[in-house]
Amino acid sequence: EAQVTQNPRYLITVTGKKLTVTCSQNMNHEYMSWYRQDPGLGLRQIYYSMNVEVTDKGDVPEGYKVSRKEKRNFPLILESPSPNQTSLYFCASSSRTGGYNEQFFGPGTRLTVL
Amino acid sequence: GESVGLHLPTLSVQEGDNSIINCAYSNSASDYFIWYKQESGKGPQFIIDIRSNMDKRQGQRVTVLLNKTVKHLSLQIAATQPGDSAVYFCAESSHHNFNKFYFGSGTKLNVKP
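Line order of the protein sequences matches chains A and B. Residues in the first sequence are numbered from 1 upward in steps of one, following the working numbering. Residues in the second sequence are numbered from 115 upward in steps of one, following the working numbering.
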């Protein structure tokens with residue numbers, strides 16, 4: 001089954017404790033992206049990757065890192081989480097079809113930073 | 115499931131009626147628009163998209179209308195069903211950078227049986 005998976009689905013942590021949220025897709029997609037979703041703000045793009053070893057900042061990259069060492073994986077790293085990073089996080093992937101991308105989203109990761 | 119919008123605009127419709135969900139965008143350079151549906155506890159799911167060289171596009175039971183003059187996008191759902199109950203987001207992008215997407219804050223559709 002074609003899908004985007006994220007782990008963990010739920011995470012409660014404390015300020016300053018490094019964490020990684022994994023994202024994996026099995027559709028051989030070149031493009032992957034991370035979003036955060038907060039009430040009343042919709043989804044905001046954190047980082048995206050056009051291909052292996054190619055990443056760029058979205059609208060809200062502060063406090064986050066990403067890596068793209070393999071095509072299927074795009075982990076989101078919070079080196080020193082803070083309470084304002086408490087949010088619902090989504091990973092997405094898409095193939096590049098004529099430059100217009102239909103994105104496939106993962107199920108989300110609910111992160112709480114105390 | 116995950117709750118994503120505590121104070122979202124809500125549209126309540128009767129089952130079988132047509133629904134119209136609206137979205138305003140601000141970037142004149144945007145030339146690609148997408149509607150997503152998000153059910154409780156799930157990630158957004160693609161519904162339909164439209165490019166700026168069109169003003170209307172139809173899918174199965176859904177129609178997207180684009181008015182570039184007033185930067186307005188709408189999603190029409192025909193014969194709304196209980197399974198259509200969800201939060202709907204519009205998103206925009208531009209050929210200047212197809213990798214960046216900007217989402218609206220969403221509208222909750224509540225279908226009454």
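Careful: at least some of the hints might be erroneous.
[Unchecked claim] The calculated SDA-like cross-link candidates involving lysine to any residue, where the alpha carbons are at most 20 Å apart (straight line), are:
1. A:K57 x B:N141
2. B:K214 x A:P83
3. B:K156 x A:N51
4. A:K57 x B:Y216
5. B:K222 x A:N51
6. B:K156 x A:K57
[Unchecked claim] From the structure, some residues in chain A lie toward chain B, with a derived Cβ separation under 10 Å:
7. P39
8. L41
9. G42
10. S49
11. V52
12. Y64
13. S67
14. P83
15. N84
16. T86
17. C91
18. R96
19. F105
[What the hints assert, rightly or not] Quick partial rundown of chain B residues pointing at chain A, CB under 8 Å, derived from the structure:
20. Y139
21. S142
22. N213
Derived from the structure by calculation, the hints contain no laboratory data. We put the CB at the ideal spot given by N, CA and C, even for glycine.
(request) Answer holds if the nearest beta-carbon of chain B is closer than 10 Å to that of A:S67; otherwise answer violated. (result) For A:S67, the interface hint is violated, since the closest Cβ of chain B sits about 17 Å away, which is over 10 Å.
(message) Quick check on B:N213 please, does its C-beta sit within 8 Å of some C-beta on chain A?
(response) Hint on B:N213: holds, closest Cβ of chain A at ~5 Å, below 8 Å.
(message) A:C91 was flagged as interface toward chain B. Is the shortest Cβ-Cβ separation under 10 Å?
(response) Status holds, d = 8 Å.
(message) For the restraint on A:P83, tell me whether the closest CB of chain B is nearer than 10 Å.
(response) violated, 18 Å
(request) So, B:S142 near chain A? Judge it on the closest CB pair being under 8 Å. (result) violated, 18 Å
(request) With a cut-off of 20 Å on the C-alpha distance, tell me whether A:K57 and B:N141 pass. (result) holds, 19 Å
(request) Using 10 Å as the Cβ threshold, decide whether A:V52 counts as touching chain B. (result) violated, 15 Å
(request) Below or equal to 20 Å on CA atoms is what counts here, so check B:K156 against A:N51. (result) Violated. B:K156 to A:N51 sits at ~26 Å, over the 20 Å cutoff.
(request) Could you check if B:Y139 really has its C-beta closer than 8 Å to a C-beta on chain A? (result) Check failed: Cβ of B:Y139 comes no nearer than 12 Å to chain A, outside 8 Å.
(message) A closest beta-carbon separation below 10 Å is what the hint needs, so does A:P39 meet it against chain B?
(response) holds, 4 Å
(message) Interface hint check: A:R96, Cβ to nearest Cβ on chain B, cutoff 10 Å. Holds or violated?
(response) Holds, because the Cβ-Cβ distance from A:R96 to chain B comes to roughly 8 Å (cut-off 10 Å).
(message) Would the hint linking A:K57 and B:Y216 be met if the CA-CA limit is 20 Å?
(response) Cα-Cα ~13 Å, so holds.
Going through the hint list in order, the structure does not satisfy hints 2, 3, 5, 6, 11, 12, 13, 14, 15, 16, 20, 21.
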